[in-house]
Amino acid sequence: MNALITARGITKHFGATKALDGVDLDINAGEVHVLLGENGAGKSTLVKVLAGIHGHDAGTIEGRASLAVIHQELALVPELSVAENLFLNRLPRRFGFVDRAEMRRRAPELLRKVGLNVDPDAKVKDLGIAQQQMIEIARALDKDTSVLILDEPTAVLTDTETDRLLEIMAQLRDNRVGLVFITHHLDEIQRVADRITVLRDGRSVGVLGPRATTQHMIELMVGRPIDEQYPRARQRPGAPLLHIQGLTRRGVFEDVTIEVHAGEVVGIAGLVGAGRTEVARAAFGVDGYDHGTVAVDGKPLPRHNVQAAIKAGLGLVPEDRKGQGLVLTATVGQNLELVTLDDRDEKRLHDIAGKLRIKGRVEQPVKELSGGNQQKVVIGKWLLADPKVLILDEPTRGVDVGAKVEIYELINRMTAQGRAVLLVSSDLPEVIGMSDRVVVMAHGRVAGELPKGATQDQVMALAVQEIPA
Amino acid sequence: MSTISIRKYASENGALAGLLVLALVIALMQPAFLNAQNLLNVGVQAAVIAIMAFGMTFVVVAGGIDLSVGSIAALAAMVGALTAGPVGLLVGALCGLVNGALISYGKLPPFIATLAMLSVARGLTLVFSEGQPHETDELVTFLGSNLAPSLPLPLLLMLAFFGVTGLILTRTNLGRRMYAIGGNEEAAKLSGIDVRRNKLWIYALSGLFAAAAGLVLAGRLGSAGPQAAAGYELDAIAAVVIGGASLSGGVGRATGTLVGALVLAVLRNGLNLLQVPPFWQQVVIGVVIALAALLDSLRRR
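Note that the protein sequences, when read in sequence, are chains G and R.
With positions in the first sequence counted from 1, the corresponding number in the numbering used here is that position plus 1369.
With positions in the second sequence counted from 1, the corresponding number in the numbering used here is that position plus 64.
It cannot be assumed that every hint is accurate.
To be verified - Each computed DSSO-like pair below joins lysine-lysine, with the alpha-carbon atoms no more than 27 Å apart: (1) G:Lys1417 <-> G:Lys1691; (2) G:Lys1680 <-> G:Lys1757; (3) R:Lys171 <-> G:Lys1691; (4) G:Lys1494 <-> R:Lys171; (5) G:Lys1680 <-> G:Lys1716; (6) G:Lys1724 <-> G:Lys1736; (7) G:Lys1417 <-> G:Lys1728; (8) G:Lys1668 <-> R:Lys253; (9) G:Lys1417 <-> G:Lys1387; (10) G:Lys1691 <-> G:Lys1680; (11) G:Lys1387 <-> G:Lys1728; (12) R:Lys253 <-> G:Lys1716; (13) R:Lys253 <-> G:Lys1736; (14) G:Lys1724 <-> G:Lys1691; (15) G:Lys1736 <-> G:Lys1417; (16) R:Lys253 <-> G:Lys1724; (17) R:Lys253 <-> G:Lys1757; (18) G:Lys1691 <-> R:Lys253; (19) G:Lys1387 <-> G:Lys1736; (20) G:Lys1512 <-> G:Lys1417; (21) G:Lys1680 <-> R:Lys253; (22) R:Lys253 <-> R:Lys171.
Since the hints were made in silico from the structure, they are not lab data.
Chain R with its partners taken away, still in its complex shape:
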């Protein structure tokens, strides 16, 4: 490999290099990190954020943002627990469609529209649950279970969603349009792309993915809680950004987002193993997010 292609490889996989270094440092300080069971745990912990972040990737690539994914996840899980899992998925996609409609046809900035949905979806979760956690049914509980002793389903689901996301982004017209819309909405419009209708689908997908993440979370816990997944939207955005996507749109990849979600999970797990007090963990995570974004911005210069 020539110097140029090595450099190109490194610049496209900066997040991956960061993940490996992070894992190495933690492993050196606490060998128990490399324990197979622990690594599986990391994967399971990453799954919920990753699935949510894959949906967020569509939105960010298309130049938007979705603050409502945490609330949608909670609402979908709650509806799933009170009725049935698939109904939860449907509700999530519907919430996303409403986001999309407010943004494309109501011309609201995505930040505002999804901020409103964050509140509405969380409020509905509280209303439906009457403030109480509700047990999930067998189907949803199965989503959080292990297929075999060392084969957790959430991990497999994460990989499946990863594949689907990559496929949508690179192999479908909807995906190609996301890059065009995020890169230059006006040029996309003048090329005959129905920007408004595509945005509907993009936000609906984000809602659907958030709902799936919510069901996996509820499945793992065996119950849907009224305050579940609160603040997860920020982790999802962080994962997407650590993965190298640009919040100004047009740039982002499924692999990047997967790595971003793993970075967050490895970090949390490592900090626990190293017995860093939880209050300090938040500080460290914040610093890492800033560092990742900083490195990315330096690399692009």
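Extracted from the complex, chain G is given alone in its bound form:
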């Protein structure tokens, strides 16, 4: 075989926890090898061991000399040009100074390899995230990289951008590059994978071929059969709990009216930039707005006042877990009590932590938890406050399948207790599967509303429609 990297029996401990336990992995030239597993299963640790960022306690790795990792957080310098970033660290030089002519000459050739058509003199910060990713891939290719590891590259991309990336990956495979691809999107796996190594609790629990079914992948990943991906338990809707009426912020969103009743889950779908998050933040009082009203349980809320919104019974789980949801320097318990500091109840805090099945102790630093468990902490701090209406903005982004279902069960439990949920999500199957009604936004306006059982096509048709000004 033409294995580029052969890893055998890789074991790695962090303190008392075993992050990797005897993992074998082969990466061959000309294949896309998917690493699949829930958050915390050991994918990132394995990648870091392969890249030499972490050492390993046992096992052997052969041939890791020409390996490059594209991390989720891009390693580019925003203020420098595309060409400078491409040759960062080994800028061509002439008489001791940077040879710009040489750089401009070589840049287009590299950019072509990843099918990118941008001006080499453009500043990286002016490019989109997908283009930035391609620049980083191009940079890796210039170093004669034979193995390229892509750690959740599609998490930040739109659907078209993802298509583009998958095409490039297929091209690189044809050029005999070995690719390791980490993603939570099973459809992407089915489109590009040649082999799939499934990790669970630090062990490799199976290697699947390209034709593996999603059902099979999920069950291997979580280690138990999953009956239903979207277990929505519908309730009879009660009185209106959240009433957003004619909400307008000039140039951002206009005349948005949404009503959510007790026991109901209302989804907000739409393309990135349709104004969904902006409406959610304005309703919660994080940002201001020009016209309109927001009322919780019949009581109108003052503008731009988070404290008042919380007091009235509103909660928001923001889209950016690490940037807006968590205090990473603090413990699980300190994060859980954030909303309810004035009314602290140790016993309830432990109750909730137990109910959420957060893996990890209350005293543990929250940054040590996996993405799914971190998200459960953010939701948990709101459950402690027991809001009448909880707005969830992309609650399962970057969350593994097992934790996703647990979050859906939490939604069910809230609505069963007569609370209401407003679910903002870019994940179409999720927003359709978990909502009782779906409001579709386009260009800052409500483009339409669909009942339970709408198809993805119906949602997309509304989401892409042009609204006359």
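Fit chain R to the known structure of chain G by using the hints.
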């Protein structure tokens, strides 16, 4: 104790281990260091910086910095000498409130706002004092005195402020909010914490503690000087950092800061006992601060 808990203990008390090693080395080179009177002196010398640094701990934990504490201490002492001690405390807290207002409502970076206050407070001290030192009244002088032959009040005050600081940081909502604001201001805001109002109180506390430190200093000297406590803000920041707090916020403890202030005092005292020339003392202190921060950063990796 298992290896893991020993390691955890060591990593949480790196500064304490450093302090003990430092004290041991100095004691070996100059046994007079361990003389009870000398140790009391060290405590008294540490007191002013420690009290100031406790206030700084609140600010640093909340992700900020306060460069104005030295000037506020001088202003408070001067106002205290010209009027009465409690008025000095009030002025200090007011200066802190102004810092807080500039930072939360004026949206100035803490570095800039408190740099401005550093200049304003020092300038006002010079204006009020007309450039002359002024004698302190009985009450303030009492703060710097000994309750009994081996019971200096500054030492007791330092311990009292230490207790209060620990209590505020760990047992009050304001304290819990400091960690949240410093750890992730956005998350704190989205959790319904009124970040701006809390910052007002945090900087006011720092001003109040600085004023208290200024009064203790003046009490010890028996007079408030126009150039008193100049540069003390840097010692206070050093004490907080040696104590393991992170200047990026969210991390820091009262015990750490106390140890940090003691490290600086022990070092100064030791260097004097060892008859190191004062010019060289500055060099050594700088090196120790860098070493402490370096060790801390290595430990966190």
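Evaluation of the provided hints:
no.	hint	result
1	G:Lys1417 <-> G:Lys1691	holds, 21 Å
2	G:Lys1680 <-> G:Lys1757	holds, 10 Å
3	R:Lys171 <-> G:Lys1691	holds, 23 Å
4	G:Lys1494 <-> R:Lys171	holds, 25 Å
5	G:Lys1680 <-> G:Lys1716	holds, 22 Å
6	G:Lys1724 <-> G:Lys1736	holds, 20 Å
7	G:Lys1417 <-> G:Lys1728	holds, 22 Å
8	G:Lys1668 <-> R:Lys253	holds, 22 Å
9	G:Lys1417 <-> G:Lys1387	holds, 15 Å
10	G:Lys1691 <-> G:Lys1680	holds, 24 Å
11	G:Lys1387 <-> G:Lys1728	holds, 14 Å
12	R:Lys253 <-> G:Lys1716	holds, 25 Å
13	R:Lys253 <-> G:Lys1736	holds, 19 Å
14	G:Lys1724 <-> G:Lys1691	holds, 22 Å
15	G:Lys1736 <-> G:Lys1417	holds, 17 Å
16	R:Lys253 <-> G:Lys1724	holds, 26 Å
17	R:Lys253 <-> G:Lys1757	holds, 20 Å
18	G:Lys1691 <-> R:Lys253	holds, 14 Å
19	G:Lys1387 <-> G:Lys1736	holds, 17 Å
20	G:Lys1512 <-> G:Lys1417	holds, 19 Å
21	G:Lys1680 <-> R:Lys253	holds, 14 Å
22	R:Lys253 <-> R:Lys171	holds, 15 Å
No hint from the list above goes unmet by this structure.
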